[in-house]
Every structure is written in structure tokens, then in C-alpha cells.
Amino acid sequence: MSILLETRGLTKSFFGVPALRDVSLTIHEGRILGLIGENGAGKSTLMNVVDGVFPATDGSMFLRGLPYQPRSPADATGHGIAFIHQELNLFSNLTVAENIFVDAFPMRAGFIDRRSMRRETERLLASLDLEIAPDTLLDRLAPGERQLVEIAKALRSNPQLIIFDEPTSSLTARETERLFEVIRRLRDEGKTLIYISHMLSDVRALSDDIAVLRDGELVGSGPAEELDTSRMIELMIGRELAQLYPPKTAAPGRDPVLRVAAMTQPGVVQDVDLEVRAGEIVGLFGLMGAGRTELARMVFGLDEFAHGEIRIGGTLLRGQSPTDRIEHGMAFVTENRREEGLLMESTIADNIALVSLASYARTILRFVDAPKLSAVAQQMADDLQIKAHDIGGQPAKSLSGGNQQKVVIGKWLMRQPKLFVLDEPTRGVDVGAKYEIYSLMDRLAREGSGVLFISSEVEELMAMCDRILVMNRGEVSGEFGERPFKQDQLLRAAFREDLAA
Amino acid sequence: MSTIESGSAPAQVGSKGWASPVRRVLLSEYFVLYLTIVYFLILLPFLPTLSNPQNLSNVLSNMWPLLAVAVGQTLVLTIAGIDLSQGSVIGLTSVVGAALIATAASSDVLSNSVLWGLVITEQGGLFAGKSWAVPAGIVAMLLVGALIGLINGIAVALLRMPPFMVTLVGLIAFGAFAIFLTQSENIRNLPDAYIALGKGDIVSVYLGEQSTPQIPRRQIYSFITYPMIISITLAVFAHFLLSRTMFGRHVYAVGANRRAAEISGVPAKRIIIQVFVFSAVCATIGGILFSARLEAGRPTLGEGTFLLDVIGATVIGGTSLFGGKGKIVWTFFGVLFFVLLSNTLNLMNLSSFHIDMVKGSVILAAALLDVTRRRLLAGGLA
Amino acid sequence: MNRLDQLRSQLLRNSTLVMFVLIFLFFGLQEPRFLQPESLGNIIKQSSFIGIAAVGMTFVLLTAGIDLSVGSVMYLAPLIAGFAMRNYGLDVEFALVLAIFAGLVMGAINAFFIVVLRIIPFIVTLSTLFFFRGAGTFLTQSRQLDFPREVLDFGLARVLGIPLPIIIFALVVAAAFVTLTRTPFGRHVYAVGNDINAARKAGINVDWIVFRVYLISSACAALAGFIVIAQIGRLDQSFGEGREFDVIAAAVLGGASLFGGVGSALSPLIGATMIQTVKAGLIFNGTNLYAQPIMLGAVIFAAVLFDSLRQMNLQKSRRRFIRPIQTETEPAERNKGPRHPAGAAART
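So the sequence lines, in the order shown, correspond to chains A, B and C. Residues in the first sequence are numbered consecutively from 1, following the numbering used here. Residues in the second sequence are numbered consecutively from 1, following the numbering used here. Residues in the third sequence are numbered consecutively from 1, following the numbering used here.
Bound conformation, chain A alone (with noise of 0.2 Å):
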């Protein structure tokens, strides 16, 4: 087992403050290492070193047992080192072909060769069991084939080590399977690979190595087999977790909140019937596009539908209005927090105070009584333990994905909805912030809101739920109101056409 690369004692600061410290890593050639940590426990610092993002202040690295010092991306490339980002760096409006050489065209007689280009992507794309014309524009793709294409991109220069960060974060269960696939059978013709992710069961079930970060430093490290789970959540988070999820304390009342009833839309969803009570967390299971997000846009008055009756507490609700919905007692937090979440660039204070700007709203021109919305936007703040400085002047995207997410929250509670739809709202957070997100429902539930609760991680769902409704293809294909649930049941009714077939 030979040492493809090590890194002796790297060190990184920005302007004086670590991100790395003293980090000795051995990476062996024709294994998967797993590279585990939360936020900003320098796991991109490290590689973005590896990569010649940007140089190490302190500390070496070799290559082959030969000095590697890479001054860009691009030099990282010449050694055979291949980065693939988290978001990734394709254009929607080129062909597939073209994502794939974008930086490096073939050229004949001053033009580009295109038919070696898509000879050369075919190859790539077999590779991957990819079925694509290279001709394809890559908005015509899925998710999954698009993070395919960036591998592609990745194995045109030959690499001989390859970084994933966070490949998964965008994959439903059959596209991170066959990227499983992809990233042992590189494994298997003697490729490197460095698998970076906070989806701790996709590390154990990748990974020949594991190496944990944290604070900057290298916390441990070893083969897969010698890690167990709850051992890297120790590691991860420096104490021991005693759990996962919180203890629930809400118990569901009789009254319901939220009632759909037979809600249809031609090629979305059908004859969806949906009950949720006080106090009570309904949890919405399914695989991606099975309508659960359709559902809750179209219960939201965002989305139109054919048929179908929304009642809140007995009202029955008409018209296609968001604005409507606020006002009886909604309350959304999507799953895209940058594009439909937050004001990114508008102020913590401004993001918190936006629904419910109406109800400090004075005389007729509606002036806005701001500093008592300061005052109360402060005071939600801090309720919710939002790391911030100055909620009033500091933009919503400097902070970290899990305290933007207490953002989203705190904005609805202001107005103390009586339902909470919530969709996916752990995603892209780590793992002390999930704890807080489940907490923060567990309180919503208790203080007598009902919660819908959607997401594609069977576990919190499990965890933190009274019920659960399982989607497949826009029907519900199961209710399971018994706790404790049963996963494969669960599963069964998420993939019951399948089983059928």
C-alpha cells in the first residue's frame, strides 16, 4: 500500500486566524478516503491547499514521496490531481461536450474539432454508464447527470487522485448509488479519491479511510472498519452526543390545523388527503419527485391545482396567494434557502421582520414602527441563538448555513403561526445544528402549532415525527401513525410502484 499524498504539518491562516493547524494526513494510493467535520472545520481549507487554491502558510506536502508544492488549480491538474466542487461549475446554455472542454478545446485548422470532442466525450461518458448525447444541452439534464458530467470533466486530464465535496448534497438515492458505483469502480482501476460529507452513513458506507477535522485540526484518523458512527460524531463535535435528536416533549392535541382534502393536479399529485393537528409533527416521506415539495408549494398557494379543499382550522381557503395563506396562520420554510428563503444581502434584522411587517404597520400609510421591530427582531434573535454580531448590519448570507436556516424560522415565528411546513430545513446543516433545528420543532409542536415536516432523511423523520405520510409519484401511497416506525415499511410504501413493477 504506497503514499500517494502527505501533508506534513500544514498550517493555513486568513489574516491571523487559523483554518488549519498542523495537519499530518497520508493518503494511500487506490483507496477512498473519508473526510468527515463540520462547518468550518477546515476540511475545504485543506483540500482547497491540496488543490493550489491558495498556498499553505505553514508545512509541506509530497507527491509520490516528491515535494508538491502546486501554485493553481490548474498546476494541481498537471500533477493529476482533480477537484470536483460542491457547487458545481457548469453552463446551463453549453452542450455537454462543451461543460467538458470548456477550459481546453480541441482545435483543428483554427476552429474547434468538434467531432473529436464527441468522440472523446462519448468515451468519457461510457465510462460512467452515462447515456447522453454529447450534444445535449446541460439544461436539458438532472441533477445526477450534471454531477456526472463534472466527473467526466474531472477524468478528461487522466487525474490519479480525485476530491469529491459534498457530491451528494443535490442526488436522490438512485443517482448517489450509481455515483457509489462510479467512485469504487475508480477505486478498482487504482484511482485515489477523497470523499468529503456530512452525510456520515454515506462516508461509512464508501470509505476505506477516514480521516475527522475539527477546529482546524486533525482529530483522528484510521480505517473505516475501526470508526463506528458514534465515534465520528464524537470526534466531529469534540464531546460525546448523547443523542442524535432530542427528547420530544409535545403531545399531539385533537384539533386540526391543517386539512387537504383530495387534492389534484393532472401530472402532479392526486387525491392527496392530509391532516395535521395542534401540536402535532406529521412527517412527509418520498423520494425525490415523488410531489411532496408540489404538495406543500400548491398548500401554500404558490402552485395552482386542479381540485381539492385547504382548510386552516376550519376555514375553508380559496385562491392561489401566499399572502392569503400568512394570513391565516401559515407558515413556509422552502427547501432553497438562497433563492427562496432569505434576502441575502439584506440585513438579519430586515429578513426576520419581513412577514410580519403589517402588524407594526401605523395610520394610513402604513409607517413602520422600526425600533420597536428592532427591538422584537433582536429579541427573536436571540430566542433563537443566532451567532451574529449586529443583526441590523450584518447581511443575512455571512452567516452559516444552519444560522441562516434560524433566520428562515425565526421570520415565521414572529408571526406565531399556527402551521409550519417545513421543507427539508436540515439540509446543508451541520450536525450540532440539526439539533437545534429539531429542538426548535419539537417547540413549535408544544407551544400548539402543527408542523408538517418534509424530508428525504428517514431517520429524523422517524425521530422527531407523531405521523408519517409516505408520497410515490404524487399519490400517498402510505400513513404510519404508530411509533416507533418501521424504516423498511416506510421504504416499501416509498417505492411502491417499484415493487409492483
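Treat the hints as calculated values from the structure; they're not laboratory data. Please read these numbers as outputs of a predicted model, since none were measured by experiment. Ideal Cβ positions, reconstructed from N, Cα and C, are used throughout, including at glycine. Take these hints with a grain of salt, some might be off.
As the list claims (entries may be wrong) - Just some of the chain A residues that point at chain B, by a computed CB distance under 7 Å:
(1) 343
(2) 365
(3) 367
Unchecked claim - DSS-like mimics (lysine-lysine), calculated; alpha carbons at most 30 Å apart, straight line:
(4) 372(A) - 397(A)
(5) 418(A) - 248(A)
(6) 372(A) - 269(B)
(7) 372(A) - 418(A)
(8) 45(C) - 279(C)
(9) 45(C) - 397(A)
(10) 434(A) - 387(A)
(11) 269(B) - 418(A)
(12) 397(A) - 130(B)
(13) 434(A) - 397(A)
What the hints assert, rightly or not - Quick look at which bits of chain C chain B covers, simulated, 3 or more residues with Cβ under 8 Å:
(14) 26-34
(15) 105-119
(16) 291-297
The hints should help you fit chains B and C onto chain A, whose structure is shown.
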């Protein structure tokens, strides 16, 4: 200062410890005002006439119509739109108003007009001679302006057409419609009460001989005038609207992220429509001031580079073309800067050929200073 | 119902073409002479002016920029060439080259402020709009400039019976087409307009791409200006004033987006000829001179409206494929849960 505008964030983040005076000026909200003052002071030794009361009164009188129009543009830019149709609104409403309230008209000039015989005759416009003619005419103008704004707003908000194209079409089509109405002629003979809106004084200054029995008219310099009152009132109203009301907060939210705003219950479509209507109404008010000063309704009133002055002044003031960021105060300074710029170029006795060249250079220099300032700002925060 | 839906989406998808045909039919039925080759040739010839400049503008729009200075470049570049012809007896061909070179210099000025000093294109080109025109009026002292006679021989020349402006327009469009589709520069222009940060990360020299785009825009505007001047033989002080909007409208009408990344070399061709067709048609059927721009505005409005409806339709049809289309097939025996964030595949 108020802390609620999204644009005010950077000024507050900076810690006070290191703020040298230079930095403080650069970081200030009033940067463009300082720039204007510095520009004024630098040119003063070379252009002594600059500080003459007559000239100052001139600068001010040029400022008010532009300010009224730019206030509307500020709101539109803040929701990440743009309103190019303002120019045609000015021309069209000035024609409509003049046609209704003119006290007489010459058939030699206007007999080809589509309005001839219907709205306007030798005896003047439809409202001519009525005691309520001027207010009614103004209401009609505002309605026409608001209608154009409504069309723009509906096209942008409901039909999701790009604002640039919608209002560009508006600029071409409504401008052409104004010309079509009068077949490219001006409508004169406006009532005195209307003309006073563009020229009327409230406070004037006479600095000549005190013993003169009769003061020559051209030695009286107006400082507080009707146009000033009208424009400032409009600007103050818009300032409070934008910075203190729920509507203003919604405007910023829509400009920053329309989708997120809609999900948070902001009635984005309504806000967009209202903003476009407001912008067109502001343009109409600017048009009233212009046409009253000109003593005529002129279909080509807002044509040419006027619109670029409006957008240029607003953007130099600091309002972003990409939405989410804008302030009336900034626009006020931007307009002041632009008007002073034109004025100094005239005073320099440059042949008209030089003016465009110097104007272009100064806008660029101001933009360059602004970019430098922002870079310093970003550097200071990192 | 379903068939009707399909028809509607088909019509929307090809709305530009449909509008083109409708416009031709509308004017052709009123006045059959309108459809004769001669008048069609005239339309293309007249559209070459805005069209050539719009080709350059398309490059700029593709990178999500804007160039407001083209109207002034159209004025100043031929002016410089005209001076050289009058004062130094420069030949027409060299004068053309000189005009283009002058355009390149003006483009380089724009690009310098945009790329090196990082001022937004709107403000830079707004300033140079004033500056270039000012430089022109300074040179001419606001007088009209008469070009030597030979320039008309050049401008009104025909090659194989085809008027020179049409040939140049065709060459410019063809060159732009090949550049945009077959060269790394062209593809990088699209990449920059799609996501400028991603382009930087992909190692594309974004600054140099953007720089060249403004060179091209100004060079095209200079060429367009010279071609028109060569047909009329004199240069008025107001030549090109306000044309920046016509040029932008032509590119956008043909399908280029103001937000970058969308459009092709055919956009300016389609847009400019469509506008010119309407203009010519309105003259043909004797519409009041002052009413013509109103009709033109209405046509542009309709084209933009159809484009938005098409976009909205597209979004809807993408959102729709959850149920009927097969999505996930997964072995049920899998014992690990699907843990991954889901959501609408099609919503972006």
C-alpha cells in the same frame, strides 16, 4: 440615520477605531454631496460667475423637474427594473394637458392635428375659460401618466416581460403617439395659473440698488419657487415612503429577491405595478414643471439624452441597477451633481461641441471615484 | 384540449417565425408588390445598418453587458475616416479600414473602463456615448461633413448584382455565427454570460473575453455607420443619435437576452429584418408618417410578449413531469434509507 434600509449596512459595520477623516468621507452616505461640493469649490476660482445669485437660482431651477422624474426612476431601479418610458410620458402628458387647457390656438399650426376640432379649436382647449381648467388639466395629465405606468407595470409584473424592453417600446410608441397627436407641433397659449407652476416665485432676492424706484425684472433671483416646493414635497414623500413604510420595505424585498419576497407574503406583483405607476406619475409631474416653464405642450419634450441624464443621475447617486438598493437622498445628490455639471459646462463658455465630451468624462470620473470608494470599503471590512 | 395545448405551445415555441410570416402576409395581402424580390432586397439592405451593429451588440448582450455608445461610435468612426479621405486623399477601402480601426479604439476605451477599472458597462458606455459624440461635434464644429464622391461609388456598388451592404451584412452575420459556435472564444462568451463566476473558476480568462466583446461591438457599429454614410455621401451632426436603442431592440427581438447567455448570430438578423419589414410595410400601405413608430412599437411589444409567454409556458411544462413519466426505479431490497434531499427535479 435610520437603520432600516438595506443599503445602509456597510456604513455601520465599520468599527470606529480606525476611521480616518478620509475614510469617513469615502464611506459616507453623503459621498456624492461631498463630491459635488468639492467640484463646486475647485471650479469657483476659474468660474467666479458660478456663485452669482443669478446662476445659483438657475442651477436650482434646472434641478427641480429632473429631480421629480429621477425620484420615480429610483423606485423602479430599486425593484430591479428600469423605466425608459418616462421620456415619452413627459412629452405625451404635456401635449394632453396643453390641448385641454390652452386658451387659444392657431389653425395655421394645429389644423393638421388629430386633436383639432375635437379637443382643441381656435377658442382653445376643451377646458379653456373654465375656472377649474388648470386643476382638471393636471388631473387629466396625471391620469394619462398613471395609465402608461399601469400598462408598464402589468406587462412587467403579470406578463413577466423584461422592463427594459417594455419601457423601451413605451418610449418609442408613446413618444410617437404624442407627436402623432399634434403632428409634431407645439401647443402654446397656456393659462397663467399653469405657467406659474413652472416659474412662480415665493421667495426672491433682489441685490441691486435699494433706491431704485422700479426694480428691473431680471435682477430678481428666485430661490423658493413653486417647482421647488412641488419637487421637494414629492421627494420628501418618496423618501418617507421608501424608508419608513411597509410599502418601502416591500420595494426593497422585491428588488433583493422577488421569489423569496413572494413566499414571505409580499404582494410582489402589486408592488411592481404600483412602482411603475408611481414612476410614470413622477415623470408627469416633471413634465408639468417642464412644460409650464416652456409655456407650451411639446411632444418631443422628454426626448434625446434627457432620459440618460435621469438614469445617470440616479445611478451616480448610488442606486443599483440590479435592484434592492436605492435611496431618495442619494438621488437628490446625484441630480444636484448632474445639474451643476451641466451648468458649469455652460458657464465655461465652452462651445457646445465640448460640452458632451466633458460631460462624458466627468460622469466616468465620478463613477471611477465611486468604484474606488467601494473597493476601499470592501477592503476595510475584510 | 390536449391537441389545442400542443398547438399553442408549438405556436409559442416558434413565435418569432410565426410573427414574421404574419407580418409578411399582412402587408403582402394589402399590397402584393411588397412581396416582390426587389422590395424584399430593399428591406434586407436597409436592415443591414441596424443589423450589423446589432451583431456586435449581441456579443455584448451574451456576456450580460450593454453598450449604449454604439450610436456615437456610428457617428465618430466614419467621421474620422471621412476627414482622412478629405484631407489626405485616403482611398475608400482604406477609409473603411480606418473607420473600423477607430471603432476598435473606442471599443478599447469602453473595455478598459469596464474590465480594468471595473465600472459597470451601463455607466461606462453612457459616458462614452456623450464623449464620442462630443469628440465628433468638436471635430466638425457641428457642421455637416460631405464625403468625396468615390465613397458613393463604393456604397452603391453591387457584387454579382447584389448590393454591397447586403453582402457585408451577410459576411458579418456568417463570421459572427462561426465565431460564436465554432471557436473557443465564442463558446466562452456564452459561458461568461451564463455564470461569470463559474467561468472564472473554470480557468477562462473572463476579462479578456469581455474586453474583446466590447471591441467587436464598437467595430461593428463603426462598420455599420460607414456603410450607411457610403450610401448617402454625407454625415449629419445627429447621425446615429438614439440608435443604441434600435440596435438593442433588434438583438433582443431576435432572441438575445438582456441577462446574458442567450441568443445567437441569427438574433440580430431576425430582429433587424423584422423591424425593417414593419417599417417598410407601413410606408407601403401609406400609414401616417407620425403613426408609424406607434405601429412599430406595437409589433415589438407583441414579439416581446410572445417571448415571455413562451418562457412561462416552458417553465410550466417543465414543472409538470412528476407523475406520468417514470422517475425512480430502485431495488426495494435496499436496506439503507434514501437520505437525500428531494424536491422538484424541474424547478430551477
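Here is what the structure says about each hint:
1. 343: holds, 4 Å
2. 365: This hint holds: residue 365(A) lies near chain B, its Cβ roughly 6 Å from the closest one there, short of 7 Å.
3. 367: holds, 5 Å
4. 372(A) - 397(A): holds, 24 Å
5. 418(A) - 248(A): Distance ~19 Å between residue 418(A) and residue 248(A) Cα, so the pair holds.
6. 372(A) - 269(B): Within the cut-off at roughly 28 Å; holds.
7. 372(A) - 418(A): Between residue 372(A) and residue 418(A) the Cα gap is close to 24 Å, so the pair holds against 30 Å.
8. 45(C) - 279(C): holds, 13 Å
9. 45(C) - 397(A): violated, 52 Å
10. 434(A) - 387(A): Holds, at about 15 Å.
11. 269(B) - 418(A): This hinted pair holds, its Cα atoms lying about 26 Å apart.
12. 397(A) - 130(B): violated, 60 Å
13. 434(A) - 397(A): Since the Cα atoms of residue 434(A) and residue 397(A) sit roughly 19 Å apart, the hinted pair holds (cutoff 30 Å).
14. 26-34: violated (count 0)
15. 105-119: With 4 residues close enough to chain B, the hint holds.
16. 291-297: holds (count 6)
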